[in-house]
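Q: With the hints as constraints, model all of the structure from the sequences given.
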Amino acid sequence: MIMRRLAVLTGGLAVLAAMTQPALAGAAFDSGDASIPVDGITQLEVHTTADCIPGENRCHFTARANLMTPDGPITFPNDLWARQTVTVRSMARNVWQEVDYSSPSWAPRETKGGNYDGVLSKMFRSPTNVEITNVYYGGGPLERFTVAGSSVPTDWNTGRPATDSDFIVCTNIQVVYSGVNLTSPSACSHTRF
Numbered sequence: 001m002i003m004r005r006l007a008v009l010t011g012g013l014a015v016l017a018a019m020t021q022p023a024l025a026g027a028a029f030d031s032g033d034a035s036i037p038v039d040g041i042t043q044l045e046v047h048t049t050a051d052c053i054p055g056e057n058r059c060h061f062t063a064r065a066n067l068m069t070p071d072g073p074i075t076f077p078n079d080l081w082a083r084q085t086v087t088v089r090s091m092a093r094n095v096w097q098e099v100d101y102s103s104p105s106w107a108p109r110e111t112k113g114g115n116y117d118g119v120l121s122k123m124f125r126s127p128t129n130v131e132i133t134n135v136y137y138g139g140g141p142l143e144r145f146t147v148a149g150s151s152v153p154t155d156w157n158t159g160r161p162a163t164d165s166d167f168i169v170c171t172n173i174q175v176v177y178s179g180v181n182l183t184s185p186s187a188c189s190h191t192r193f
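Under full-length UniProt numbering, residue 193 is the last one in the sequence shown; the count climbs by one each step, no gaps.
Derived by calculation from the structure, the hints in this document are not laboratory data. Remember, predicted model here, so these are calculated numbers, not experimental data. Among the hints, erroneous ones may be present.
[Said to hold, decoys possible] Here are the simulated lysine to any residue pairs, SDA-like style, with alpha carbons at most 25 Å apart: (1) K112 with E143; (2) K122 with N66; (3) K122 with V176; (4) K122 with N172; (5) K112 with L142; (6) K122 with V152; (7) K112 with T87; (8) K112 with D166; (9) K112 with G138; (10) K122 with D100; (11) K112 with Q174; (12) K122 with G32; (13) K122 with A148; (14) K112 with T128; (15) K112 with R125.
A: Have a look at this one:
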C-alpha cells in the first residue's frame, strides 16, 4: 500500500515537473515593434529586444527607431529633432534595475548620461525602474538611433540578482522634421530568466 502511494506520488510529481518545466525553460528572448504612418508610404517604427542570460544574471536590451519605406528601413533626415524614451523595469515592485547603456550603440557605456555625436542622453533612476532619455539632433546612420544596454535586476530585500523576476523594456520616440511632428506608440519586450 505504501509503495503504491509512493509510486502515485512520484508519478504525480513527475507529471507536475514535466508540465512546469517548459514554462521555466521558456525563451529568455523577446522583441517588440510598433509603428505609425508618416505619410502614404513611410512608417515611423520603434523596436525593442530583451534577452536575459541566467549564467550572467544579466539582461541585455536594445531600443531603436527608424523610418520604414517599401524599400526597407531608412534613417531620419538631417533636419531632425527627436526625443526617445527607454524604460527598463520589472513587474515585481521590489526589483531594482542596475543599468548601463550606450547611446548611440557604438558609444562608451554610461551609467548617468552622455553627449556623443549629437545624441544627448540622460538616465533617471527610481526604486523600481530606469528611464533613459535621448535627444537627437540631425540624421545619421541607423545605429545612431539605437540604445544598447544591460541590467542586473536586483532584489531590494537580499541584494542578490532577482533571477526569478521578469524583465521589461519599452520605448517610444517623438520626431520633428520638415512637415512632420509625430510620437510613436510604445514597443515593449517582456521576458524573464
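Q: Which numbered conditions among the earlier hints are violated in the structure presented, ordered from lowest to highest?
A: none
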